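There are 2 protein chains.
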Amino acid sequence: MRVPKGFKAAGVQSGIKKEGLDLALIYSEVSCIAVGAFTSNKVKAAPVLYSKKVINRGKAKAIVANSGCANACTGKEGLANAKRMAELTARLLGILPQEVLVASTGVIGERLPIEKVAQALPRAVEELSTDGFLKAAEAIMTTDTVPKICWDTVKVDGEEGVILGIAKGAGMINPNLATMLCFILTDLKIPLPELKQTFKEALGLSFNAITVDGEQSTNDSVFLLANGLKGLVPPHYQAKFKEALVEVMRELAFQIVKDAEGATMVVRVIVGGGKNLKEAKKVAHRVANSLLVKTALFGRDPNWGRIMAALGDSGVPIRENRVSLKINGIPVFEKGIPVPYKEKLQRTFLESKEIYIEIDIGRGNSHFEVLTCDLSCDYVKINSQYTT
Amino acid sequence: MRVPKGFKAAGVQSGIKKEGLDLALIYSEVSCIAVGAFTSNKVKAAPVLYSKKVINRGKAKAIVANSGCANACTGKEGLANAKRMAELTARLLGILPQEVLVASTGVIGERLPIEKVAQALPRAVEELSTDGFLKAAEAIMTTDTVPKICWDTVKVDGEEGVILGIAKGAGMINPNLATMLCFILTDLKIPLPELKQTFKEALGLSFNAITVDGEQSTNDSVFLLANGLKGLVPPHYQAKFKEALVEVMRELAFQIVKDAEGATMVVRVIVGGGKNLKEAKKVAHRVANSLLVKTALFGRDPNWGRIMAALGDSGVPIRENRVSLKINGIPVFEKGIPVPYKEKLQRTFLESKEIYIEIDIGRGNSHFEVLTCDLSCDYVKINSQYTT
Numbered sequence: 001m002r003v004p005k006g007f008k009a010a011g012v013q014s015g016i017k018k019e020g021l022d023l024a025l026i027y028s029e030v031s032c033i034a035v036g037a038f039t040s041n042k043v044k045a046a047p048v049l050y051s052k053k054v055i056n057r058g059k060a061k062a063i064v065a066n067s068g069c070a071n072a073c074t075g076k077e078g079l080a081n082a083k084r085m086a087e088l089t090a091r092l093l094g095i096l097p098q099e100v101l102v103a104s105t106g107v108i109g110e111r112l113p114i115e116k117v118a119q120a121l122p123r124a125v126e127e128l129s130t131d132g133f134l135k136a137a138e139a140i141m142t143t144d145t146v147p148k149i150c151w152d153t154v155k156v157d158g159e160e161g162v163i164l165g166i167a168k169g170a171g172m173i174n175p176n177l178a179t180m181l182c183f184i185l186t187d188l189k190i191p192l193p194e195l196k197q198t199f200k201e202a203l204g205l206s207f208n209a210i211t212v213d214g215e216q217s218t219n220d221s222v223f224l225l226a227n228g229l230k231g232l233v234p235p236h237y238q239a240k241f242k243e244a245l246v247e248v249m250r251e252l253a254f255q256i257v258k259d260a261e262g263a264t265m266v267v268r269v270i271v272g273g274g275k276n277l278k279e280a281k282k283v284a285h286r287v288a289n290s291l292l293v294k295t296a297l298f299g300r301d302p303n304w305g306r307i308m309a310a311l312g313d314s315g316v317p318i319r320e321n322r323v324s325l326k327i328n329g330i331p332v333f334e335k336g337i338p339v340p341y342k343e344k345l346q347r348t349f350l351e352s353k354e355i356y357i358e359i360d361i362g363r364g365n366s367h368f369e370v371l372t373c374d375l376s377c378d379y380v381k382i383n384s385q386y387t388t
Numbered sequence: 001m002r003v004p005k006g007f008k009a010a011g012v013q014s015g016i017k018k019e020g021l022d023l024a025l026i027y028s029e030v031s032c033i034a035v036g037a038f039t040s041n042k043v044k045a046a047p048v049l050y051s052k053k054v055i056n057r058g059k060a061k062a063i064v065a066n067s068g069c070a071n072a073c074t075g076k077e078g079l080a081n082a083k084r085m086a087e088l089t090a091r092l093l094g095i096l097p098q099e100v101l102v103a104s105t106g107v108i109g110e111r112l113p114i115e116k117v118a119q120a121l122p123r124a125v126e127e128l129s130t131d132g133f134l135k136a137a138e139a140i141m142t143t144d145t146v147p148k149i150c151w152d153t154v155k156v157d158g159e160e161g162v163i164l165g166i167a168k169g170a171g172m173i174n175p176n177l178a179t180m181l182c183f184i185l186t187d188l189k190i191p192l193p194e195l196k197q198t199f200k201e202a203l204g205l206s207f208n209a210i211t212v213d214g215e216q217s218t219n220d221s222v223f224l225l226a227n228g229l230k231g232l233v234p235p236h237y238q239a240k241f242k243e244a245l246v247e248v249m250r251e252l253a254f255q256i257v258k259d260a261e262g263a264t265m266v267v268r269v270i271v272g273g274g275k276n277l278k279e280a281k282k283v284a285h286r287v288a289n290s291l292l293v294k295t296a297l298f299g300r301d302p303n304w305g306r307i308m309a310a311l312g313d314s315g316v317p318i319r320e321n322r323v324s325l326k327i328n329g330i331p332v333f334e335k336g337i338p339v340p341y342k343e344k345l346q347r348t349f350l351e352s353k354e355i356y357i358e359i360d361i362g363r364g365n366s367h368f369e370v371l372t373c374d375l376s377c378d379y380v381k382i383n384s385q386y387t388t
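Line by line, the protein sequences give chains Z and P.
Residues 1 to 388 in the working numbering are what the first sequence spells out, letter by letter.
Residues 1 to 388 in the working numbering are what the second sequence spells out, letter by letter.
Please note that a few of the clues may not be correct.
Since copy identity is lost for identical chains, a pair holds within one copy or between any two.
[Said to hold, decoys possible] The calculated DSBU-like cross-link candidates involving lysine-lysine, where the alpha carbons are at most 35 Å apart (straight line), are:
{"id": "1", "residue 1": "LYS52", "residue 2": "LYS278"}
{"id": "2", "residue 1": "LYS275", "residue 2": "LYS8"}
{"id": "3", "residue 1": "LYS342", "residue 2": "LYS135"}
{"id": "4", "residue 1": "LYS335", "residue 2": "LYS42"}
{"id": "5", "residue 1": "LYS76", "residue 2": "LYS8"}
{"id": "6", "residue 1": "LYS335", "residue 2": "LYS240"}
{"id": "7", "residue 1": "LYS240", "residue 2": "LYS344"}
{"id": "8", "residue 1": "LYS17", "residue 2": "LYS76"}
{"id": "9", "residue 1": "LYS342", "residue 2": "LYS76"}
{"id": "10", "residue 1": "LYS83", "residue 2": "LYS135"}
{"id": "11", "residue 1": "LYS275", "residue 2": "LYS76"}
{"id": "12", "residue 1": "LYS196", "residue 2": "LYS135"}
FYI, nobody ran anything at the bench for these hints, they're computed from the structure.
These numbers come from a predicted model, not from an experiment.
The following block holds chain Z by itself, in its conformation from the complex (with noise of 0.2 Å):
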């Protein structure tokens, strides 16, 4: 694993979960510039609300997560355990609570223990190292089957940067984020104005084209941090920057999919002969997010009807006779007519743990693609006995 200079992070167990680490900690030795998303949820978590007002700032060293409860629909009392939760770590690390980013996750509508993230924050701290990432990619997980991260490095005028990020999944994931926490972390830097956006483009392009269950989280928190410690990232490199930064949230958002709850294959949805990106998008995360597709999907049964069913109800205009229809390479569905397919169809979804669907709404040129993942018996079993 490659670690940013200057960072350093912790995983701990505070007790809030029955079992394992659930209290992270990510501290950076000089000041970040920090950019930040957040759920579009209007019920958002007492965290989101107080990360929110950091964002704004532009400015954070430190980030502190747990997992086991969300501290959301909580109240003022929920409001307060976040900012204390902010003030602790601020104390413990010599730096200001408005320096410090607060991260939660899990059940909605119970109180945050704050007393057991008071007791536990001192061993995070005294736990800070570079080999600490791992332990608090663990620490964010709540139904995630493995901890989430990854890495890339920007060679800059010679200076080698790095890109690290970690993520938890798991269900409730749809564009617009998800339950979805991730914290990426670099050693290089840009003006603020220019981190926003690059920031934004890399989002549209890794979270926000994937979906699990088109649910959407009070908690979703995606931030990244530039300590600029390996320099500034000259206007002529920034293209080569946003490109690492695209692959690493990209494929944080590709292990999310693949561990999403309960999910057996990993689907591309992919939309072409849009009129515009935003009609294919709406098709691409219509079709992604049909419970019908999914679960036929599950059942490698290849009944592509329930994808044109889903497509006819995506909001386009779409007219049956221009719509064409692949998957995994195979026509099954040409501007209006069924092709006979059954054999290969049917092979290539017992033999493949990655399927392709590729539409073509025949109205224009644009296009997008959305990762999604089967609906299976465990996602319901997970999802039926979560907090009880």
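Use these hints to put chain P onto chain Z, whose structure you have.
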């Protein structure tokens, strides 16, 4: 069962499905005023395209419907087959093809075996009787486990009129209809414009207020045939007629939700405090379609935080501190603050087969109720093995 005067029905086996009845026929001795509603999916099945024309003329004498094949995404051949189905029926009944409504339900993208329909139709005509409605209801079933049928009577100036309805539902049920077929027959009559209006209002209170999985089919059709053999409903009785019609349609909608694929409970999502009806509807449908809410309900997990997450994601500018939430009458969240509830709530979840979710969004006086069900492992199982 009460059957409206002049109507007969039959259900026979044509062999489109591997087993069971799959061809339904309904016939009225005299011409009926006909109104209807169809899927708003842009991908419309051939029978929908055909029947729309019939409904546009406002008159019909017969309905022919098959299960086992949707005749959707079947190109020109599909359209020819739908037309042929009407023509065959018309010839046998000695009426005009444009007096025959056609409906299909089943797998999308497969060719309708019209020769099987042709072979079975004479038998259906032969078996037409006033006792045939249950068999007709059976013949339109797909993954339904029970036939859906219901009737009511209306006294009009001493004469007693009858409204009888049959329906199929099971999956792909969402506002703006569903893979839902519903045929309503009455021996009363109101002039076409008034009948259209009454029907539209009844739809909004019945089939457009239920959801199983947020999917919308290519084949949804609701027909209402009024033959008037018991006379014209005078204006001052029309409210009474509407009441009975709503009663029949709501009962069928309830039967559909109760028999939804894999469902183990009926859930009423009752949203109050909307600024207007649109808002209340939006919130009710968003919550009723939330996978995480539905899986929690299946697990009898009182995880009400998911209701909050869903309503925050409805697009309505909700303020958390104005929202209150009750489940089966038990307050769990009051104006932004969680109410301790656990035991009581867990008990009601374990004891009830019907769950009432009451949401007050604190923005006004409009309210709307949506009927839905939980999402079980069986839903996934049923839908992962549909065509194979």
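How the hints compare with the structure:
no., hint, verdict
1, LYS52 x LYS278, "both (27 Å within a copy, 31 Å between copies)"
2, LYS275 x LYS8, "neither (47 Å within a copy, 49 Å between copies)"
3, LYS342 x LYS135, "between (47 Å within a copy, 33 Å between copies)"
4, LYS335 x LYS42, "between (41 Å within a copy, 15 Å between copies)"
5, LYS76 x LYS8, "within (32 Å within a copy, 65 Å between copies)"
6, LYS335 x LYS240, "neither (40 Å within a copy, 49 Å between copies)"
7, LYS240 x LYS344, "neither (41 Å within a copy, 58 Å between copies)"
8, LYS17 x LYS76, "within (23 Å within a copy, 59 Å between copies)"
9, LYS342 x LYS76, "between (58 Å within a copy, 21 Å between copies)"
10, LYS83 x LYS135, "within (24 Å within a copy, 66 Å between copies)"
11, LYS275 x LYS76, "between (47 Å within a copy, 26 Å between copies)"
12, LYS196 x LYS135, "within (28 Å within a copy, 64 Å between copies)"
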